[in-house]
Every structure is written in structure tokens, then in C-alpha cells.
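So the protein lines, in turn, are chains A and B.
Take the first sequence: its position 463, counting from 1, is numbered 466 in the working numbering, and each next residue is one higher.
Take the second sequence: its position 107, counting from 1, is numbered 110 in the working numbering, and each next residue is one higher.
No lab work stands behind these hints, which were simulated from the structure alone.
For clarity, every value in this text was computed on a predicted model and none was experimentally measured.
One should not assume that every hint holds.
One copy or two, it doesn't matter: identical chains are merged, so the pair holds either way.
With a straight-line Cα cutoff of 27 Å, these simulated BS3-like cross-link-like pairs (lysine-lysine) come out [said to hold, decoys possible]: (1) K373 with K317; (2) K498 with K373; (3) K502 with K571; (4) K309 with K571; (5) K373 with K248; (6) K317 with K142.
Number of protein chains: 2
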Amino acid sequence: MKFTVISCCCVITRLILFHSCIDICRTLSLVLVISWVSGGFRYFNSVLMSGPSSLSLRSHTCGELRSHHLGDKVTLCGWVQYLRQDLFIILRDFSGLTQILIPQEEGMPTGEIEVLAEDVEVFNVCRQLPFEIKDFIRKSESLRMQYRYLDLRSSQMQKNLRLRSKLVMKMREYLCNVHGFVDVETPTLFKRTPGGAKEFVVPSREPGRFYSLPQSPQQFKQLLMVAGIDRYFQIARCYRDEGSKPDRQPEFTQVDMEMSFVDQAGIMSLVEGLLQYAWPAENGSLKVPFQTMTYEEAMRDYGVDKPDTRFSMKLVDISEVLLSSEIEFLQSAVSQPGGSIQALNVPRGAVRKETFPVLLSVSATEELLKRTGAKPGDLLLITAGPLHTRPLLGSLRLQCAQLLESCGISLRNPSAFHFLWVVDFPLFLPKEDEPGQLESAHHPFTAPLPEDKQLLYTEPHKVRGQHFDLILNGCEIGGGSIRIHKASEQLHVLKNILKEDPSLLSHLLEALDSGAPPHGGIALGLDRLVSIIVRASSIRDVIAFPKSFRGHDLMSRAPDLVSDEELKSYHISVRWPTEEGEMK
Amino acid sequence: MKFTVISCCCVITRLILFHSCIDICRTLSLVLVISWVSGGFRYFNSVLMSGPSSLSLRSHTCGELRSHHLGDKVTLCGWVQYLRQDLFIILRDFSGLTQILIPQEEGMPTGEIEVLAEDVEVFNVCRQLPFEIKDFIRKSESLRMQYRYLDLRSSQMQKNLRLRSKLVMKMREYLCNVHGFVDVETPTLFKRTPGGAKEFVVPSREPGRFYSLPQSPQQFKQLLMVAGIDRYFQIARCYRDEGSKPDRQPEFTQVDMEMSFVDQAGIMSLVEGLLQYAWPAENGSLKVPFQTMTYEEAMRDYGVDKPDTRFSMKLVDISEVLLSSEIEFLQSAVSQPGGSIQALNVPRGAVRKETFPVLLSVSATEELLKRTGAKPGDLLLITAGPLHTRPLLGSLRLQCAQLLESCGISLRNPSAFHFLWVVDFPLFLPKEDEPGQLESAHHPFTAPLPEDKQLLYTEPHKVRGQHFDLILNGCEIGGGSIRIHKASEQLHVLKNILKEDPSLLSHLLEALDSGAPPHGGIALGLDRLVSIIVRASSIRDVIAFPKSFRGHDLMSRAPDLVSDEELKSYHISVRWPTEEGEMK
Numbered sequence: 004m005k006f007t008v009i010s011c012c013c014v015i016t017r018l019i020l021f022h023s024c025i026d027i028c029r030t031l032s033l034v035l036v037i038s039w040v041s042g043g044f045r046y047f048n049s050v051l052m053s054g055p056s057s058l059s060l061r062s063h064t065c066g067e068l069r070s071h072h073l074g075d076k077v078t079l080c081g082w083v084q085y086l087r088q089d090l091f092i093i094l095r096d097f098s099g100l101t102q103i104l105i106p107q108e109e110g111m112p113t114g115e116i117e118v119l120a121e122d123v124e125v126f127n128v129c130r131q132l133p134f135e136i137k138d139f140i141r142k143s144e145s146l147r148m149q150y151r152y153l154d155l156r157s158s159q160m161q162k163n164l165r166l167r168s169k170l171v172m173k174m175r176e177y178l179c180n181v182h183g184f185v186d187v188e189t190p191t192l193f194k195r196t197p198g199g200a201k202e203f204v205v206p207s208r209e210p211g212r213f214y215s216l217p218q219s220p221q222q223f224k225q226l227l228m229v230a231g232i233d234r235y236f237q238i239a240r241c242y243r244d245e246g247s248k249p250d251r252q253p254e255f256t257q258v259d260m261e262m263s264f265v266d267q268a269g270i271m272s273l274v275e276g277l278l279q280y281a282w283p284a285e286n287g288s289l290k291v292p293f294q295t296m297t298y299e300e301a302m303r304d305y306g307v308d309k310p311d312t313r314f315s316m317k318l319v320d321i322s323e324v325l326l327s328s329e330i331e332f333l334q335s336a337v338s339q340p341g342g343s344i345q346a347l348n349v350p351r352g353a354v355r356k357e358t359f360p361v362l363l364s365v366s367a368t369e370e371l372l373k374r375t376g377a378k379p380g381d382l383l384l385i386t387a388g389p390l391h392t393r394p395l396l397g398s399l400r401l402q403c404a405q406l407l408e409s410c411g412i413s414l415r416n417p418s419a420f421h422f423l424w425v426v427d428f429p430l431f432l433p434k435e436d437e438p439g440q441l442e443s444a445h446h447p448f449t450a451p452l453p454e455d456k457q458l459l460y461t462e463p464h465k466v467r468g469q470h471f472d473l474i475l476n477g478c479e480i481g482g483g484s485i486r487i488h489k490a491s492e493q494l495h496v497l498k499n500i501l502k503e504d505p506s507l508l509s510h511l512l513e514a515l516d517s518g519a520p521p522h523g524g525i526a527l528g529l530d531r532l533v534s535i536i537v538r539a540s541s542i543r544d545v546i547a548f549p550k551s552f553r554g555h556d557l558m559s560r561a562p563d564l565v566s567d568e569e570l571k572s573y574h575i576s577v578r579w580p581t582e583e584g585e586m587k
Numbered sequence: 004m005k006f007t008v009i010s011c012c013c014v015i016t017r018l019i020l021f022h023s024c025i026d027i028c029r030t031l032s033l034v035l036v037i038s039w040v041s042g043g044f045r046y047f048n049s050v051l052m053s054g055p056s057s058l059s060l061r062s063h064t065c066g067e068l069r070s071h072h073l074g075d076k077v078t079l080c081g082w083v084q085y086l087r088q089d090l091f092i093i094l095r096d097f098s099g100l101t102q103i104l105i106p107q108e109e110g111m112p113t114g115e116i117e118v119l120a121e122d123v124e125v126f127n128v129c130r131q132l133p134f135e136i137k138d139f140i141r142k143s144e145s146l147r148m149q150y151r152y153l154d155l156r157s158s159q160m161q162k163n164l165r166l167r168s169k170l171v172m173k174m175r176e177y178l179c180n181v182h183g184f185v186d187v188e189t190p191t192l193f194k195r196t197p198g199g200a201k202e203f204v205v206p207s208r209e210p211g212r213f214y215s216l217p218q219s220p221q222q223f224k225q226l227l228m229v230a231g232i233d234r235y236f237q238i239a240r241c242y243r244d245e246g247s248k249p250d251r252q253p254e255f256t257q258v259d260m261e262m263s264f265v266d267q268a269g270i271m272s273l274v275e276g277l278l279q280y281a282w283p284a285e286n287g288s289l290k291v292p293f294q295t296m297t298y299e300e301a302m303r304d305y306g307v308d309k310p311d312t313r314f315s316m317k318l319v320d321i322s323e324v325l326l327s328s329e330i331e332f333l334q335s336a337v338s339q340p341g342g343s344i345q346a347l348n349v350p351r352g353a354v355r356k357e358t359f360p361v362l363l364s365v366s367a368t369e370e371l372l373k374r375t376g377a378k379p380g381d382l383l384l385i386t387a388g389p390l391h392t393r394p395l396l397g398s399l400r401l402q403c404a405q406l407l408e409s410c411g412i413s414l415r416n417p418s419a420f421h422f423l424w425v426v427d428f429p430l431f432l433p434k435e436d437e438p439g440q441l442e443s444a445h446h447p448f449t450a451p452l453p454e455d456k457q458l459l460y461t462e463p464h465k466v467r468g469q470h471f472d473l474i475l476n477g478c479e480i481g482g483g484s485i486r487i488h489k490a491s492e493q494l495h496v497l498k499n500i501l502k503e504d505p506s507l508l509s510h511l512l513e514a515l516d517s518g519a520p521p522h523g524g525i526a527l528g529l530d531r532l533v534s535i536i537v538r539a540s541s542i543r544d545v546i547a548f549p550k551s552f553r554g555h556d557l558m559s560r561a562p563d564l565v566s567d568e569e570l571k572s573y574h575i576s577v578r579w580p581t582e583e584g585e586m587k
């Protein structure tokens, strides 16, 4: 029998501990004795025991034995990680490794703890695996996905999934037990939402009629507030058909919450408390309240609405400084509506030594250095043009940070977690393909700031919404808002501002008209949050069975062909593409 | 303004308590004073407060105030349940009712507790509702579904959803915190399973390729055991397209569990402990272990594999008694293979007094009465024929019980919860349409009883499986098994016994061949379990937004038509039925 990797269960009825330090060994000779159930395998003391070995065939996990177990009889179950000279087995399970000594005539064991095998039962043998289950083994992403059940055995993936489970459990405790939230499951087979181009469709058995897999329980959670549930949460599965976007998944998970009779500050406090409560202890404690910044400030200082505040390198408006210079393209840039000149100082970013253009006056040069804080060796990046040059510089800021770090210049503390609220977003934005038209910056249910409410009827493009984004290390991990709770206001937004057909949301409008309380909520992207906490490079590393970036399950080969016969009951047929294009 | 039902928030800055008993009032004059935050609405003390009023605009719920709050200033939020003579408002929220006194020149208040309103803000007004939110109002099922957000305001639906949330939370505590289970989310966009005729399909953007919405995470949970997760659970959304079956839902929820290195007794103990831990206190405590019965015993005594053990009325085999009678059809029935004569005694079931057929001898009559325990006024139902006359009598047994109870004869304690394990099921059953062929009694992954293992290769129809069903009051609420963990055995079952194409499960077979540990698990039907606990007549009463029995969402009108244009990106088109039948 080949032993490279076998699956086995070792039943050991005697444990002998060998210490390199004989003195310790002596002091540990008196230990508890776990009662041994004779007659083959027995699960251990089902009613009284708890923890990871309760109810199972083992008495301890492979990561649990310590020197105080000296003399105990134990049963371990696990996989053989190594077999050494047919003398030692290193047995592995999710919790760690234990060295097992197979009795020999002679042999001098080493290591702090070893288990002397009295009885070994091999439960299963094993083919040659496509890769070994060792942390240092590198394997391709597609191989990991194809053999996900092996990939998940790695200590990092075990850690990720277990941390995720514990984090979610703590969140539930906080919401249910501390704040009286009600966990309500909402349907995933629902009606197509207006403009829901990214929603998967599910054919029903009625010809031409389809369910839709919703992108979030948004409508349901608002309906639950109308229903008097008062405070709702759900760890909700959501669906988004985005084709091939990097690091997106067709199904993903949100921590979804909604409260009645609450304001923006209440929801923000709730989330701060939630994260503080659930935060893994090994990452230190979280300080609350989190920093808050307006959308205006974020765009001004960082050129983006989700700034990475772990490092400074802020954008600096230097329009005034250079306005008086005689450089023509700068002057023309500033003279445009909303035009400005922006600078970004990249510390130690100058690879080659170059002087400033001589065109600049000495006083302008001095002012520039003063405002940007630039020192010799720094690199000054300058953009001139309309306001949307800021996002350009904001994106350059992040690329520079990566470049600097790849050159060994530390900018961001890799163990830092910078939470940030961004507030006071515009409620509407001009449509990209039709700038005369407005679309919701987030979704059509967001309420305006109370002080901007009247502008809804006069200058809607100026209205700011009661929307707030939660940012962690420059990633958006949540978005929330106070919702419109009056039917007339919601109808105005849908019909007059967004020019959408309100009949598609008639059930929601009717619900608002049935005594909807003031309410608001938020959804946190759980996959993204966990991936940042465990410092994973992709959300795939915190999802048990993720899809590839083309939306495939490489293990089972989904999506798959379905016979025409099977499709008949759903009254659909496949349009096979022809050489001329789509078949009619 | 019409006040029949309006939605409002009453902000009360002063609370004065009036007692009918003046003496009590005096002793209660010293009470705590909640600090009042001036300056309009403020959520209360976000960081320090917990419970159902934390973080919100209110200080108390409408069900919370008691006489010891005398003199407190409170803020209440809710809906107006009644308005009496413009003098009193009965304010309602999820937790109860409070009477508010609107200050008048005079007026003698009654009742134990009242709140004197100092300030009232109406947050929203309300159209005339389709039905009033009062417990005694009867409304049709379709009206309830169409206006579900109003129906959920009823105290019964509030109780059901809140109990469900608490029950699930306790289950999670038990699994995560007590027994170290890992909560793992598994995909719902998956590959079609062999013979998965009841699986919804989801078209992908690749022509002809479909995902499938799985009926359970069965494959994933087994793969997680191969992956060394050791103990997994998930409150899992499952999908089943069964068309119009009464009291089924196209999406439903399972408490899904799986463990490694465990045997059947271990899983059963786990579930008993789980239910005992999570059981709502108001229903008394659960006694464990639950009763256990073999499949053979259940069929023999109750004619069904999910017996309602809240009442006796067992089936009695009277073949011997009547074999010697000269009644020809009885004799011929008994002479068939597996033939027998069965009796069921329905106590007090005889409406008309009738004597036994004279054909029977005195000794046979006496023996019959003795074996069945029948007394004057009882009804004896007798079947004769092959073994499957037992299910007939089993079903008659339940119908008789209902009939007796509708006549006011109490048989079953309505507050009793009878849990029962049924074990030792046959592993395979003859196919209904092809009795020479075998199909899995439950699913193809169930392991045989160890003592029947060799029969797999010789007489598979005789093999009993390590499968166990959990029955509550005659309803199946869970099914579990120990799984096959050896690839060779699984392949034999799929290929040689079930004659299925094993290539569709090649990923699972490969996984078993990668060192799969012995493992087993169970899934509990959460909707059904909760509906029995709250004594709901339908699972729709424990689901926030259920579908109608035709699979429709009556509120949003899903499933809905989708434009041909939108279907194009999924490479499908609708086959509209023609008069001649399905369009080709």
C-alpha cells in the first residue's frame, strides 16, 4: 500500500508523552484520565461533551494534545500528513498535527509530544492526489478550483472559512441577542425589477413567465418595515449576472439590515457596534466611531468616493498658484467651467533628478512646494482640466502607492484597518449615455437630506441623499440609506425625476401608502469584508465553492448543457448562434 | 383627516401613570428617570443601550411600559390602533399596545397605565386599508398574500416570524458555540444533478448552458467533509420545482448538518441535543432521547413510515384468527405472497349498532375482540390482501382520527410534541414504473447497514440503509444518513444497482477517492418544524413572503413576462403553446 497520502483513523488507547526536558516530564506525571469506552468505536459522551470532539469517534482533535495529557488514552481521527520510516505518522486534521509513534522493538522518539499507537484502523485509501496538502505547495488557480475539496484542506483556507463562520455568528449575536433584530428569510425567486439587466432569469412552468434572482432583498426589507417587523436582518444570498468581471461572483452574500424609526446616525452606530463586537480578537480591537467624510471632501482630497485613508498623499488644488503663470494650457484648463489644476506629491517618487520647468517664477515654485509639502526626491504629479481630472489623479495616487510599495517603500501598514464613512452623496447623477437625464446615484428609494428636500421639486440634480457608504482600506464594503417612506415622494422620484414606469413598483408604492414608518438600513458585503480581514488577494479565498471569473464551477463543470426535452416543461428553447450570428 | 388606521409616531415627553388603585400609585411615586435628550428626535444612547429600542427614535416599545415607569418621560413610536373620542390613542407596535391620553381640559382616565401626550408627530398618513389589522378580522388567503406587508402586522404572524428567528438563533448557538460546527455557505447556482427533474434551470450567457438551483446542498456537504471541514452546518435555501403541490414552496429552508468520523447514534444525539437546546421555553422542555422505531415496526403497527404516535389505534394482524374461518376471499387474500388480514379498532367509531357477520365462529369472534381490544360502540376496520393494504389502513387510521376529533372525541393532545426516529429503512425500492429495477429509497449516497454490506453485491433489494427519519406528530421533519465514503462502493451503487451514468457524479467519486473520511449528516425542514411548533395550518404562515400554491407571488405578480430582447443575452426564446399544442 502506498502511503504518500492516505486517509486513516488511528485509534490509540495509550498515550505516552516524551519531553526533551525530563524535569517537565516528571512534574506532569499526574494527569486526568479520560474514561475509555470499550467495544470498538464509540462517540464520546454525547450529552455531556461539547466542543469539536463531541458526538464523534475521536476523543481529541490533532491540535489539542498538550503535555498535561501525559498518560491519557485518546482516540484521534485524521489524515496521514507524513509517514516517516514506517515508524512515525504525522496525523493531520483541521486543528493541527500530532505525531504518532508506531510501536517498534526499539526507537528513540523525539519532539515534545507523541502518541503511541496501540491500534490503527485505515478508514479509506487514497489515489495519488493532483497536489500535496502542504502549505508551501504552489498550485494554479484552475487546479485549486477543480479540486476545491483538496484545496480547502490547506491551513489558510481552513482558517478563512472558520473565521468567516465565527465572524457571522458574532454578528448574529449582536443583532439578535443584543439589539432585538429579527432574522427574516426573503425570497430569491422574485419579480424582475425595473432596469434589472443584471438579474438572472428563472423560467417557470407557465409559458413566457420568469422569476428573477434579485440583486438584494431591498424591496423585501422595506416591506418588512411596513409590516411592523421593526428591525430586520438577514445574511442574504444575492445574485448578479455581470459576465466576466474580475473578482466578482454571480452569487454573493450581504449582511442585510433594516430598522424602523431610525436616522442615519442610528444606522451608523449600529454598524460600528456590530463590527466592534464581531471583530476577530487577533486583529486587535476596533475604535469607534469611525472617521466620517463627505462625498465632496473625499472627491476633493482623494479623487475618489472610497478613499484609502491608510496613507496621506492627498490631492492639492494649486489652481491659484499656477493661474498667474504664463503657461497657456494651464490657464485655459482653469478657465473651463469647474476647471482646476491639481497636484499629487509622491514622496521619494522621483527616480531621475529633474528641475522644475523654468517657466515658473521663484515665488510660484516656493508656493507650490509649500502647498504640496514636496521635498527633494519627491515626485509632483499635476493635472489640469475640468473637475473629472480628480478621479484620474485619485487613481494615479493608488497606482503610485502600489509602485512605491513594490520598491520596498512602506506606505500602508499591512495590519491596519481604516474604516471610513462617506456621507452626503448626490442623490442623482447625469446618465452616462444621456447626460440631460438623471439616474439614481445608488437606488431610487434613498431619501433626500431633510434640508435638500424642497430641491426635489425644483433642482433635483442639487439634492444630496441620506446615503452613506462604509469604506475599509479603500474598498467599499457597505452602502446604506434612510429610505423614502412617503408614497407621494417615492412616486415623484420614480415618475418625474427618473422617468421610470411606476407600475412595476406598484406593490411598494401601495405599501408606503399603508402607513410606512420612517426607516433605513444598510447592507455589508460579507465576502469582501472577510477577504480584507484575512488579507486574501481575492474573494474566492473566503468562499467555499466560488465560480471562476467566467462564472464556471470548474469542479462540477457548471453551467452545463440541458436536453431540449428537459427545457420543454419550461417552454423555452435554446437559440444556437449561427455563423451569421444569433439564430432567429 | 380620517383616523380609522393611520400610521404615526407619538413623541411623548411626559408620562403620567394613573392607577385605579390609589394606594399602589403612592408606593410607586419613586421611579427611575430616563435622561431626556432635548433638541428633537435623538436615538437613545447608542453605545450603552441594547434591546429593541436601542439606536432608534423611541425610548420604549408599546408593550414595555409598566407601573414602575410612573413619572418617566418616554418616546413611543407606532401605529394608531384605535382613536377614541379624539381623547385616547391606542398605539400599536410589534410588542403590544399602549393607551395615550391626549391632554384635554377635563377627562377622567381609566386603565392601569396611560401615557399623557405632550407632543405628537404624525410621520405618515394612510389610505383606507383593504382590511383592518385586528386579530379577529378574517380575510381570504389571496388577500393576505396580496397585501402580505399588512398581513404580517397581525400578532400571530409577528409571533411566528419572531419565534422562527429565535429558534434558528438558538440552533446556531448550539451548533457553533457548543459543538464547534462551521457555518459554510454553499452555491445555489450549480450543475444539474442526474434525474433532477424537479430542479429549476437558470440560463447562463453561454448558449445552451444552464445552471441548476439544487434541491439541497447534499453534494457540497459531502465535499466539505472530504475537505476536512469536519463539522458543517448551514441554514440552507433549497429549491424544488414541483408545480402545484399543496403546502409546498418552490424555495424552502433546511437546517443542514454534516459531520466526519461519526456514526448514526452520534447524529441522532446531535439532533436531539439541538432541538432540546433550541426548543421554545413556552412549549415546555423536550425529553431526550426520542423514541426509536424500525421501518418494519412502523409499517406493521401504523401502516406508514412516519407514524403519528400521539395516539394509539395500531394496526393488528388478525390473519391467524380469520384463517380458519370459511370466508373465501379472506382465505384467498392470506394465501397470496405476503398476504395478510389486518384490523384497525376505531374506539367509539360505530355510529350504527351492527352485529358481526354470523359466519364467524364464537371463538374467532372472541379472539378478534381480544386481539384488537374492541369494545361495544367501537368500529373494527378490516383489510385483507397483500402487504400494501397496510398503507391503506394506515391512511384510514389518520382519517378516522380526524373524524373522531371533528365529532368532539379527543384523541391527540393538541399541545403534545411527539418526536420519533424511524430507522433501518430499505436502501433500495423497486421502481414504480419498472418494478424489476431498483431506485434509492432516499438518495444514492446512503451507506448500507454494516451487517447488510455484503448483500450489496448479492441481493441489493434486501439491504437496509443507515438512514434515519425524524418524525414529529406524524410529519417527516428530517432525514439523515451515514454516507458511503468509499469511491468503489459508491460507483457500484450508481453503476451496477441504480444503472445511472456515473460520469455525472465524477467529481464526487474523485473526491471520495481522495481520502474521504467516514461521515454522515441530516437535514431538518425548518419551515415544517416551525409550523408545527406554532400550530400553523400551513407552512405559508411561518414564511415571510411565501408563494401561492401555484408558485405565484401575489403581491408583486411574479413570475412575470420578460421581453424577447432581454432573453436574447441568455440565448433562449419562449416556445409559445399553439392550439395544436407546444410550438416547435
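TODO: Tell me, please, which holds for K373 and K248 at an alpha-carbon limit of 27 Å: within, between, both or neither?
DONE: Cα proximity of K373 and K248: none, with 42 Å in one copy and 76 Å across.
Task: Within, between, both or neither: K309, K571 at alpha-carbon 27 Å - done: Classified as neither; 47 Å inside a copy, 35 Å across copies.
Open item on the list: One pair to classify: K373 and K317, alpha carbons no more than 27 Å apart. Within, between, both, or neither?
Closed with: Classified as within: same-chain Cα gap 14 Å, cross-chain 95 Å, threshold 27 Å.
Task: K317 and K142: within-copy, between-copy, both or neither at 27 Å Cα - done: Neither: 39 Å inside a chain and 62 Å across chains, both beyond 27 Å.
Task: Within, between, both or neither: K502, K571 at alpha-carbon 27 Å - done: between (38 Å within a copy, 25 Å between copies)
TODO: If the cutoff is 27 Å on CA atoms, where do K498 and K373 land: within, between, both or neither? Let me know, please.
DONE: neither (51 Å within a copy, 79 Å between copies)
In summary, the structure is inconsistent with hints 2, 4, 5 and 6 from the numbered list given earlier, while agreeing with the others.
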